[in-house]
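Could you put the whole structure together from the sequences, leaning on the hints where they help?
Per my numbering, the sequence shown starts with residue 1, numbered consecutively.
A portion of the hints provided could be inaccurate.
[To be verified] Calculated pairs, DSBU-like style, for lysine-lysine (alpha carbon to alpha carbon, straight line, at most 30 Å): (1) K86 <-> K241; (2) K442 <-> K428; (3) K442 <-> K464; (4) K464 <-> K374; (5) K374 <-> K129; (6) K473 <-> K457; (7) K86 <-> K374; (8) K473 <-> K129; (9) K422 <-> K473; (10) K374 <-> K422.
Hints are computed from structural coordinates only; laboratory data are not their basis.
Quantities reported herein were computed from a predicted structural model and do not represent experimental measurements.
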Amino acid sequence: MHNFAIAPQALIAFCQRGGHSTSAGTLAANDAADERIPVGRRNAELFKRACVLRRAGMQEEEIGVALHSLNLRLCETALDVNEVRKIARSAANQASPVPSDVPQSSRAERRAFNLKANTADRLFAGTPKQVGWLVHRVFPRGKVVVVASPPGVGKSMLALYLALQLTLPPGPTAFDDVRVCFGGRVESRGCTVIISAEDDLEEMHRRLHALAGGRPMPERLHVASLPDQGHLCVIEGDPRKGMQATAAWLALKEEILGLDEVVLIVVDTLQAVSTGDLNAAEIAQSMMNEFTDLAARTGATVMVLHHFNKDKATDKGGPMAGSNAMDAIRGSSAIVGSARAAYGLYPHPHGREVCEKLGRDYAENSVVVGRIVKANGDARRDETIYIRNEAGLLEDCTHEFLRLQRDDNALLEQELLDEIAKAYGEGKPYAASSTSVNGLHKRRHDMPLQFNDLSAKWFAEHAKALMNAGKVKLIRIGPGSQYIPADATPAETSDAKAIGTEESTVQGKRAVDKKTAKRTKARQTGGRE
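This is the structure we're talking about:
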């Protein structure tokens, strides 16, 4: 749908009389009275009318034409034409049509996907866009992610801490240098929206004050406290007859769309904004569709906080079994299936021993394991160890614990990964050959002191381990290969070819020197070796 045509009179009349449904008749009465739609209600009202048209059997293009006419005629300030298109597309994708109301011949003439035009050579020309990360290799931008845990573990505080890292202005605090949360590097700054369905403003104030460490509250952190402002459900209706977004949710969505540079939207919690049984696929899928639409339209990460099934979360075969963690997330599989990534937080099975190693007092459920339990695409696969502090925040204690465990190889391996990524980012990637002047062992003195006395065998073994874990990959440059981070592409390093050429030159010189030495020896021995 590139440009809106003028709506035919029959289609406008259909909108005014409400098509074939009683709810549409109510809309027609409003239209006939020429009631103006104020700012703040435009998305909700137009979406409501669009769903009526969709259930009457209309397709996206026809809905768009009708909405365009209604937008110009009824809205006090007309919505942008691109916004009208998005509303039409959203209604066409979510509302269920009623086949009996539409002639077969009419339905056969409509095109839903425009497959003739959507060919790979047109859709996928050039180099694909790199993944934009909110938290590197943990939470992608513009997607829905789920963070799940048993109740009381600390996911809400961790989400608030991430919100502060995204929104606090520069200053002399830990938020400004290397910002880390959920086990990864925070790579964005911008507006954050917290939709709190459980905590009121007073509780939010206490939590944010404890986390900010005396810093002024950020102006780019926006809060919708449903206990204070009125509870809302995201969707409503009968799963058998069709679910649709509520007017309250659509109004909130329009306010979010009106903010600039939104990078994170937190929904705390999914159950608290649901309309019914989340085990029902129709309900769960409809809710996740709304969040997916919001993520796509804002380019922000929509983080949905949710719970593990209580029985599975405490069972020996539950999250601690690793592969079962994703299945332990409560509700229909549509919840996890619709999310781009899912992150699990659950009590550490040996929390008391962890506290003893770190010299801290142990409390029930105070030691927590965090890791990605589902990801579509590249993602970190290691575990993060957290300990809850006095403010209630889960502090990342992974490196500290590994050092005290004297698990030097595990820690050094992680630090080696950091060095490979750093060298790659500086345009000086390490060569895979152990004899190359650019190899890990030859350049070990460019690394921190702990690497200086390690053998070539150690570097080869642990570089291979990082490759097997999917954290490092090889690219071939000329006759040699180089180590680069798993999420990197050769095009990102402009000097890669030059470094490869240098390595090739060194190797070539060595080969020539060997041949020369061999010929000299042959002459000296009369041809005998």
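Handout entry: Restraint status (C-alpha distance of K442 to K428 at most 30 Å)
Key = holds, 14 Å
Problem - Given hint K464 paired with K442 - CA-CA distance at most 30 Å - result: Within the cut-off at roughly 17 Å; holds.
Exercise for the section: Verify the proposed pairing of K86 with K241, using a straight-line Cα cut of 30 Å. Expected result: Holds, at roughly 24 Å.
Exercise for the section: Please work out if K464 and K374 have their alpha carbons no farther apart than 30 Å. Expected result: holds, 25 Å
Practice task
Starting from K86, check that the Cα of K374 is at most 30 Å away, please.
Solution key: holds, 29 Å
Practice task
Would you mind confirming whether the straight-line C-alpha gap from K374 to K422 stays at or under 30 Å?
Solution key: holds, 27 Å
Exercise for the section: Given the hint that K422 pairs with K473, test it: the Cα-Cα distance must not exceed 30 Å. Expected result: Measuring from Cα to Cα gives roughly 15 Å; hence the hint holds.
Handout entry: Pair hint outcome, K473 versus K457 [Cα-Cα no greater than 30 Å]
Key = holds, 18 Å
Handout entry: Pairwise hint evaluation, K129 against K473, where the allowed Cα distance is 30 Å at most
Key = holds, 20 Å
Problem - Pair hint K374 and K129, alpha-carbon separation not exceeding 30 Å - result: Since the Cα atoms of K374 and K129 sit roughly 22 Å apart, the hinted pair holds (cutoff 30 Å).
Checked against the numbered hints listed earlier, the structure breaks none of them; every hint is satisfied.
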